[in-house]
Amino acid sequence: MSNTENLIKELVEKHGKCRNSLMAVLQGVVAKEKYLSEDAMKKVAEHMDVSAADVYGTASFYTFLDTVPRGRNVIRVCQTISCDMAGKDEIIEALEATLKIKVGETTHDGNFSLLVANCMGWCHMGPVMLINDDVYTELTPQKAMEALEKYVVSTNN
Amino acid sequence: MSTKKVDIIFDAGCAVYDVLDKGLAMPKDDVINEIINSGLKGRGGAGFPTGLKWKFAAAEQADKKYIICNADEGEPGTFKDREILTKVPQKVFVGMALCSHATGAEEGYIYLRGEYNYMLKELQEKIDIFNNQLQQRGVNFTIKIKSGSGAYVCGEETALMESMEGKRGEPRNKPPFPTVAGYNAKPTIINNVETFVYTTMIVRMGANDFKSLGTADSSGSKVFSVSGDTPNAGIFELELGMKLNDFVDEWGDGDTKAVQVGGASGHCVPRKNFGETVIGFEGIPTGGSMMIFNSSRSMYNVLKNYLEFFVEESCGQCTPCRVGCQQLLKGIELIKKGDRKPSYLDDLKKLAESMKISAKCGLGQSVANPFISIIDNFKEEIIY
Chain Z
520 MSNTENLIKE LVEKHGKCRN SLMAVLQGVV AKEKYLSEDA MKKVAEHMDV
570 SAADVYGTAS FYTFLDTVPR GRNVIRVCQT ISCDMAGKDE IIEALEATLK
620 IKVGETTHDG NFSLLVANCM GWCHMGPVML INDDVYTELT PQKAMEALEK
670 YVVSTNN
Chain C
1382 MSTKKVDIIF DAGCAVYDVL DKGLAMPKDD VINEIINSGL KGRGGAGFPT
1432 GLKWKFAAAE QADKKYIICN ADEGEPGTFK DREILTKVPQ KVFVGMALCS
1482 HATGAEEGYI YLRGEYNYML KELQEKIDIF NNQLQQRGVN FTIKIKSGSG
1532 AYVCGEETAL MESMEGKRGE PRNKPPFPTV AGYNAKPTII NNVETFVYTT
1582 MIVRMGANDF KSLGTADSSG SKVFSVSGDT PNAGIFELEL GMKLNDFVDE
1632 WGDGDTKAVQ VGGASGHCVP RKNFGETVIG FEGIPTGGSM MIFNSSRSMY
1682 NVLKNYLEFF VEESCGQCTP CRVGCQQLLK GIELIKKGDR KPSYLDDLKK
1732 LAESMKISAK CGLGQSVANP FISIIDNFKE EIIY
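Sequence order for the protein chains is Z and C. Just so we're aligned, residue 520 is where the first sequence starts under this note's numbering, counting upward by one. Just so we're aligned, residue 1382 is where the second sequence starts under this note's numbering, counting upward by one.
These are computed hints drawn from the structure, not numbers from a lab. Note that the structure is predicted; figures quoted are calculated from it, not measured. We treat Cβ as the ideally placed atom computed from N, Cα and C, and that holds for glycine. Be aware that one or more of the hints could be misleading.
Stated by the list, open to error - Simulated restraints, written as ranges between beta carbons of each label pair:
#, chain 1, residue 1, chain 2, residue 2, range
1, C, Lys1403, Z, Arg538, 35 to 41 Å
2, Z, His566, C, Pro1557, 29 to 35 Å
3, C, Asp1727, Z, Ser579, 44 to 50 Å
4, C, Tyr1499, Z, Asn525, 24 to 30 Å
5, C, Asp1630, Z, Ser570, 57 to 63 Å
6, Z, Ser570, C, Asp1720, 43 to 49 Å
7, Z, Asp608, C, Ala1396, 44 to 50 Å
Claimed, not checked - Using 25 Å as the maximum straight-line C-alpha spacing, the simulated DMTMM-like pairs for lysine to aspartate or glutamate come out as follows:
#, chain 1, residue 1, chain 2, residue 2
8, Z, Lys561, C, Glu1546
9, C, Lys1718, Z, Asp603
10, C, Lys1548, Z, Asp568
11, C, Lys1717, Z, Asp603
12, C, Lys1711, C, Glu1762
13, C, Lys1548, Z, Asp585
14, C, Lys1685, Z, Glu657
15, Z, Lys551, C, Glu1503
16, Z, Lys662, C, Glu1546
17, C, Lys1468, Z, Glu657
18, C, Lys1502, Z, Glu532
19, C, Lys1548, Z, Glu529
20, C, Lys1718, C, Glu1762
21, C, Lys1741, Z, Asp573
22, Z, Lys551, C, Glu1506
23, Z, Lys553, C, Glu1546
24, Z, Lys536, C, Asp1444
25, C, Lys1760, C, Asp1634
26, C, Lys1717, C, Glu1734
27, C, Lys1685, Z, Glu612
28, C, Lys1711, C, Asp1757
29, Z, Lys528, Z, Glu557
30, C, Lys1731, C, Glu1689
31, Z, Lys533, C, Glu1488
32, C, Lys1717, Z, Asp608
33, Z, Lys551, Z, Asp608
Said to hold, decoys possible - Incomplete in silico selection of chain Z near chain C, CB under 7 Å:
#, residue
34, Leu526
35, His534
36, Met542
37, Gln546
38, Gly576
39, Thr577
40, Phe580
Please model the complete structure; the sequences and the hints are all you need to start from.
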């Protein structure tokens, strides 16, 4: 049994084999693997006894349930109005220049994906980004670079 | 007159377990009547009378009922629920427990948006303590967390329930309303985070004290999330019924040209209307988002940002919203480029008006709010 399948089995056991647990199971897979591969979705369907189409239907609806490969660390910069007014473009440009990727892409070493997202609820402290679940507020290009460093170190260890 | 700051929600002097015990000792009808008498309306934005919601759910006969706390705070410009869940989560739990006492629901859920995953661990620990306290009191009610995954539309109550059931977050037709058939098709009371805190505080202070604040239509106070061009951004609890003028006097930067009241789905009020605009259910109701724009801002960019937001967040289920949002965005871009005549704006306004009456849920219906209020007041900025 593959690692993914083991993970899915564990998640289904933990959350229960019923449709109401589907989000939690999918979230659990994304937390570990960063995205839902076709294989993972088929295995979820099998272990939860729902159709693969239903699994894909649910997964593809939600921004945070990615169905395309993502890096080990996912950066999401808020693009909504307050963060826009506070200078999110500057942050995105700095991240693109440093990581040498465009929004929507993943670095060659697979360490970072750079994405934009809608309002994250920190409008008084923009610009804001998430790296995985961690929040970084009142960003300057400098602060954004410093935030990245933490994730570079953790993968080198 | 000026704005009146209030300290109810974040009042640190409140002994939450005393309020819980006080509420649990009251007959359930008394709890419901207290909330009805207070005039409390939902603080998420829609403004349905909370006490009535509880009363309807209490009257339902069912083998199971649910309580949901809507913490899918996604409206641009709103961040109060995050602050409440961080600073005074116990008050939210007590509100849910009192609701359980009043309605007979035995299972409670907090639907927390995925963007707030960072607080999951701490919130879960606090919930465990609270559940334990309930158990010690012999109360048959437990709270659990369910997480969202980054979909604005799941703040719509029926979409949220679909999501909790492991499905795409597509809003349902209403009726049936959640108090009749909600989560798992059982009677469900769903309230906003802030609303639950107010129910706790109304049981503590009494309906009359709460009603002494605000106006006849908008009793009590409200937590406002202030952002944009202001020297004093943040969270403020204010008495409802204030004039927008008074708000801008205090939070504006001296150069305020417009305030977007109620987030992307709310209304844009231009400077000339500040004096006559009341913030409350008799004027412009709001989930608490106050975004301030000064004269350096292009209202075209503001509107475009909102429309891009709606294009992305529309669930795509109903045609008016799915196609309408895209066409409104495309339309203003074409006018800006000069590929359409300015009079095309009138056609776009008609489209927005028809979305208001034909879209299935609040998302599609409310796109007309920012669209028409910005077009009507800042037409020249959209065209040139």
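Results of checking the hints against the structure:
{"no.": "1", "hint": "Lys1403(C) to Arg538(Z): 35 to 41 Å", "in the structure": "39 Å, holds"}
{"no.": "2", "hint": "His566(Z) to Pro1557(C): 29 to 35 Å", "in the structure": "32 Å, holds"}
{"no.": "3", "hint": "Asp1727(C) to Ser579(Z): 44 to 50 Å", "in the structure": "37 Å, violated"}
{"no.": "4", "hint": "Tyr1499(C) to Asn525(Z): 24 to 30 Å", "in the structure": "27 Å, holds"}
{"no.": "5", "hint": "Asp1630(C) to Ser570(Z): 57 to 63 Å", "in the structure": "58 Å, holds"}
{"no.": "6", "hint": "Ser570(Z) to Asp1720(C): 43 to 49 Å", "in the structure": "45 Å, holds"}
{"no.": "7", "hint": "Asp608(Z) to Ala1396(C): 44 to 50 Å", "in the structure": "48 Å, holds"}
{"no.": "8", "hint": "Lys561(Z) to Glu1546(C)", "in the structure": "19 Å, holds"}
{"no.": "9", "hint": "Lys1718(C) to Asp603(Z)", "in the structure": "22 Å, holds"}
{"no.": "10", "hint": "Lys1548(C) to Asp568(Z)", "in the structure": "14 Å, holds"}
{"no.": "11", "hint": "Lys1717(C) to Asp603(Z)", "in the structure": "20 Å, holds"}
{"no.": "12", "hint": "Lys1711(C) to Glu1762(C)", "in the structure": "16 Å, holds"}
{"no.": "13", "hint": "Lys1548(C) to Asp585(Z)", "in the structure": "16 Å, holds"}
{"no.": "14", "hint": "Lys1685(C) to Glu657(Z)", "in the structure": "23 Å, holds"}
{"no.": "15", "hint": "Lys551(Z) to Glu1503(C)", "in the structure": "20 Å, holds"}
{"no.": "16", "hint": "Lys662(Z) to Glu1546(C)", "in the structure": "39 Å, violated"}
{"no.": "17", "hint": "Lys1468(C) to Glu657(Z)", "in the structure": "20 Å, holds"}
{"no.": "18", "hint": "Lys1502(C) to Glu532(Z)", "in the structure": "21 Å, holds"}
{"no.": "19", "hint": "Lys1548(C) to Glu529(Z)", "in the structure": "21 Å, holds"}
{"no.": "20", "hint": "Lys1718(C) to Glu1762(C)", "in the structure": "13 Å, holds"}
{"no.": "21", "hint": "Lys1741(C) to Asp573(Z)", "in the structure": "22 Å, holds"}
{"no.": "22", "hint": "Lys551(Z) to Glu1506(C)", "in the structure": "22 Å, holds"}
{"no.": "23", "hint": "Lys553(Z) to Glu1546(C)", "in the structure": "23 Å, holds"}
{"no.": "24", "hint": "Lys536(Z) to Asp1444(C)", "in the structure": "22 Å, holds"}
{"no.": "25", "hint": "Lys1760(C) to Asp1634(C)", "in the structure": "24 Å, holds"}
{"no.": "26", "hint": "Lys1717(C) to Glu1734(C)", "in the structure": "21 Å, holds"}
{"no.": "27", "hint": "Lys1685(C) to Glu612(Z)", "in the structure": "20 Å, holds"}
{"no.": "28", "hint": "Lys1711(C) to Asp1757(C)", "in the structure": "18 Å, holds"}
{"no.": "29", "hint": "Lys528(Z) to Glu557(Z)", "in the structure": "16 Å, holds"}
{"no.": "30", "hint": "Lys1731(C) to Glu1689(C)", "in the structure": "19 Å, holds"}
{"no.": "31", "hint": "Lys533(Z) to Glu1488(C)", "in the structure": "19 Å, holds"}
{"no.": "32", "hint": "Lys1717(C) to Asp608(Z)", "in the structure": "21 Å, holds"}
{"no.": "33", "hint": "Lys551(Z) to Asp608(Z)", "in the structure": "30 Å, violated"}
{"no.": "34", "hint": "Leu526", "in the structure": "17 Å, violated"}
{"no.": "35", "hint": "His534", "in the structure": "10 Å, violated"}
{"no.": "36", "hint": "Met542", "in the structure": "5 Å, holds"}
{"no.": "37", "hint": "Gln546", "in the structure": "6 Å, holds"}
{"no.": "38", "hint": "Gly576", "in the structure": "6 Å, holds"}
{"no.": "39", "hint": "Thr577", "in the structure": "6 Å, holds"}
{"no.": "40", "hint": "Phe580", "in the structure": "4 Å, holds"}
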